[in-house]
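Model the placement of chain F on the given structure of chain Y, informed by the hints.
Those protein sequence lines, which keep their order, are chains Y and F.
Under my numbering, the final residue of the first sequence carries the number 628; numbering is consecutive throughout.
Under my numbering, the final residue of the second sequence carries the number 95; numbering is consecutive throughout.
By construction, these hints were calculated from the structure, which means they are not laboratory data.
Any given hint could turn out to be false.
[Unchecked claim] FRET-style restraints, in silico, Cβ to Cβ:
#1 F/Ile-5 <-> Y/Ser-174: 28 to 34 Å
#2 Y/Val-184 <-> F/Leu-15: 31 to 37 Å
#3 F/Ser-22 <-> Y/Ala-10: 16 to 22 Å
[What the hints assert, rightly or not] Covered, in the sense of this in silico footprint (three residues per stretch, anywhere, with C-beta under 8 Å from a C-beta of chain Y), are these stretches of chain F:
#4 14 to 22
#5 25 to 39
#6 43 to 57
#7 62 to 76
[To be verified] Result set (DSBU-like, lysine-lysine): computed pairs, CA atoms no more than 30 Å apart in a straight line:
#8 Y/Lys-72 <-> Y/Lys-23
#9 F/Lys-86 <-> Y/Lys-489
#10 Y/Lys-500 <-> F/Lys-86
#11 F/Lys-19 <-> Y/Lys-489
#12 Y/Lys-72 <-> Y/Lys-437
Glycine included, every Cβ here is placed at the ideal spot set by N, Cα and C.
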Amino acid sequence: MLILQLICIAGFVYGIRLMSSPKTAVAGNLLGAGAMLGAVLLTLLGEGILTLPLLWAGLILGSAIGVWLALKVLMIQMPQMVALLNGLGGGASALVALVVIGQGGEMNVFTWFTTGLAIIVGGITLSGSLVAAGKLHGKLSQRPFHIHHHNLSLWLTTGLMLVSLALLSVGIGSPVLHGLLMAVVSLGFGILFTIRVGGADMPITISLLNSLSGVAGAIAGMSLHHTLLVVVGAVVGASGLILTQIMCRAMNRSLWQILLGKTTAAVKTTAPMALISEEKQHQWEESLQAAETVAIIPGYGMALAQAQQLVKELSDKLQAQGKEVKFGIHPVAGRMPGHMNVLLAEADVWYEHLYDLEQINDFLQTADLAIIVGANDVVNLAAIELEGTPIYGMPIIRADQAKQVLVCNYDTKPGYAGVDNSLYGMGHVHLLVGDAKDSLEKILNALEGEPAAGGEAGLQPAELLEAAQRVVIVPGYGMALAQAQMQVKRLIDILQSAGKEVQIAIHPVAGRMPGHMNVLLAEVDVPYELMYEMDQINDQFEQVDVVVVVGANDVVNPAAITHPGTPIYGMPILHVERARHVLVFNLDRSPGYAGVPNTLYDAPNCTLIEGDAASTLNALLQSLRAAA
Amino acid sequence: MRELILVLAFAGAGLLGYKLISDVPSLLHTPLMSGMNALSGITVLGALVSTAAAVTTGSAILGFLAIVLATINVVAGFLVTHRMLKMFSRRREGS
Chain Y
1 MLILQLICIA GFVYGIRLMS SPKTAVAGNL LGAGAMLGAV LLTLLGEGIL TLPLLWAGLI
61 LGSAIGVWLA LKVLMIQMPQ MVALLNGLGG GASALVALVV IGQGGEMNVF TWFTTGLAII
121 VGGITLSGSL VAAGKLHGKL SQRPFHIHHH NLSLWLTTGL MLVSLALLSV GIGSPVLHGL
181 LMAVVSLGFG ILFTIRVGGA DMPITISLLN SLSGVAGAIA GMSLHHTLLV VVGAVVGASG
241 LILTQIMCRA MNRSLWQILL GKTTAAVKTT APMALISEEK QHQWEESLQA AETVAIIPGY
301 GMALAQAQQL VKELSDKLQA QGKEVKFGIH PVAGRMPGHM NVLLAEADVW YEHLYDLEQI
361 NDFLQTADLA IIVGANDVVN LAAIELEGTP IYGMPIIRAD QAKQVLVCNY DTKPGYAGVD
421 NSLYGMGHVH LLVGDAKDSL EKILNALEGE PAAGGEAGLQ PAELLEAAQR VVIVPGYGMA
481 LAQAQMQVKR LIDILQSAGK EVQIAIHPVA GRMPGHMNVL LAEVDVPYEL MYEMDQINDQ
541 FEQVDVVVVV GANDVVNPAA ITHPGTPIYG MPILHVERAR HVLVFNLDRS PGYAGVPNTL
601 YDAPNCTLIE GDAASTLNAL LQSLRAAA
Chain F
1 MRELILVLAF AGAGLLGYKL ISDVPSLLHT PLMSGMNALS GITVLGALVS TAAAVTTGSA
61 ILGFLAIVLA TINVVAGFLV THRMLKMFSR RREGS
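So here's chain Y without its partners, still in its complex pose (with noise of 0.2 Å):
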């Protein structure tokens, strides 16, 4: 008997040393699928139990809802999976170790307290993993969730934990109540410890509960006196913990933090104004280059700057390198109706291009860039948000909602209505205070800019790649987001083809837990031998010819190294800015989890190609391709 534990104990270790090259990892989990199936007829038949028919039905029913559960799963849904099983398993040890109160019998206090430890541990577990899992999975908010108290909720529930199982263990007090009142505060602890940690810091705490699953099983062990339970356990349990400590030091977070409740995940950005203004400088003319969808939308300001001439020229300015631009029109725009087209017309602007409210309303969705001159109470978000403000109610233009605004007004004071503009502080806006012809001068010149830079800097991304001999890929969870893996991979084999060398370098905390963005490569048929950690390509950047970014954003900011007090810094980035040229392909310039604004869009060696990066690379793949 003790020899074929041992057994099946040799057979999970050498499956798990099997894991540890890619080569082998299949046949190590199928070892380790053996040594448990052996477990498993080892124990019915040790026992004795081999023909009770309940223990079968169980069996039978868990294995077809596993396999259905893990044939539908999608790779990118497998950290909500993880959690889910996670979750499972410790509530399977919470139930095990209930189960033996029940029964009672003779115990003593070891046993008692390893029955009452199995089922806190087993429940934080079970009740932890599910609230991660439904983070993941969009089922709760990704937002840090606090209640009153929360901390004082913590401690109190560890409080009656502690005592009832001290009780327990010194035999005072009835079992059965000590194990349910386990049971039931320690399912609350475990929402309560879940709920407040933010989406950025899931990986960490994926990692931990993992650990704390193995654990619990172990520990069921010991109250069962099963010794392969224990060893099991414990090697779960240690694997989870060097994943927690990896996630960790990646991510530049203490453990204790994130049990504390301090989560990366800003609400607010937390950077220093100085960096943002700084860095919104640069960031209208190059938002405003790379638009494609340009919404207008004129007020009386336009007509009191004398400002339609140059209005018209931006439009053709515009519409010449191929951008879409509608011009929005809201009804009280002017000083009687219908003004506004009256004086566009008179600058020869076509009415073709003039869009009514609704109509503009519906382009702003999808808009990369709205140019508002002049214009003020006709876009305030007061007139939605802020009840009691004499503009509330009114019909307004969502200007807001395009992904990048550009305000061309002469002050920053109200409008007509007295209520100040709630637009112009949104991170999305970049405001250009003084006369409209100036600032359209400005807007104008820089969209001249773009084609006259000439040289490098002015090379399109399809020649930077063709002219490259050595190139590596940045992925990040944007990527997996955008779902755009099978491009990455297109991008991979056109690039060999024309003989250039090309890896994939990958941050430890890339994706939403460990090896995730592996994984997602994997499945995409991106070979593993391309793929580089942290640790083995970052000093190599420097001989790197084009670095291409895609959905990543913290991992790659140099704020990490440059600005002390950003949240990142100190964690150990990817230096893709030394790199000769680096090329993002990412929603938005909007920061990333941590809040902190990526000073990498604004180095002069970075060009940052906006927009869902599934089409994005669409477009850099056509050029390639009618290139070669």
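Frame of chain Y; chain F shown alone:
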């Protein structure tokens, strides 16, 4: 005495696990985690033993539930791990 052995086994296995897992490259961390997850379903052994010994209906129901949960954990855990790992070795077979 048995208790001491159990605690020592826990500590020893923890150290061994620490050593083993440290050798797994970050490339495979997700399948590693789901594989370890499947192993944590080893608690199914405990569920089987305690359910078989359950005397009351309440205990039997809890035990049955424990078996189901743990089996889902084991089966789904190994299966998703297999699905992932196969993707990592797919290319070698192909080319």
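Q: Provide an ascending list of the numbers of those earlier hints which the structure does not satisfy.
A: When the structure is compared with the hints, numbers 11 and 12 turn out to be violated.
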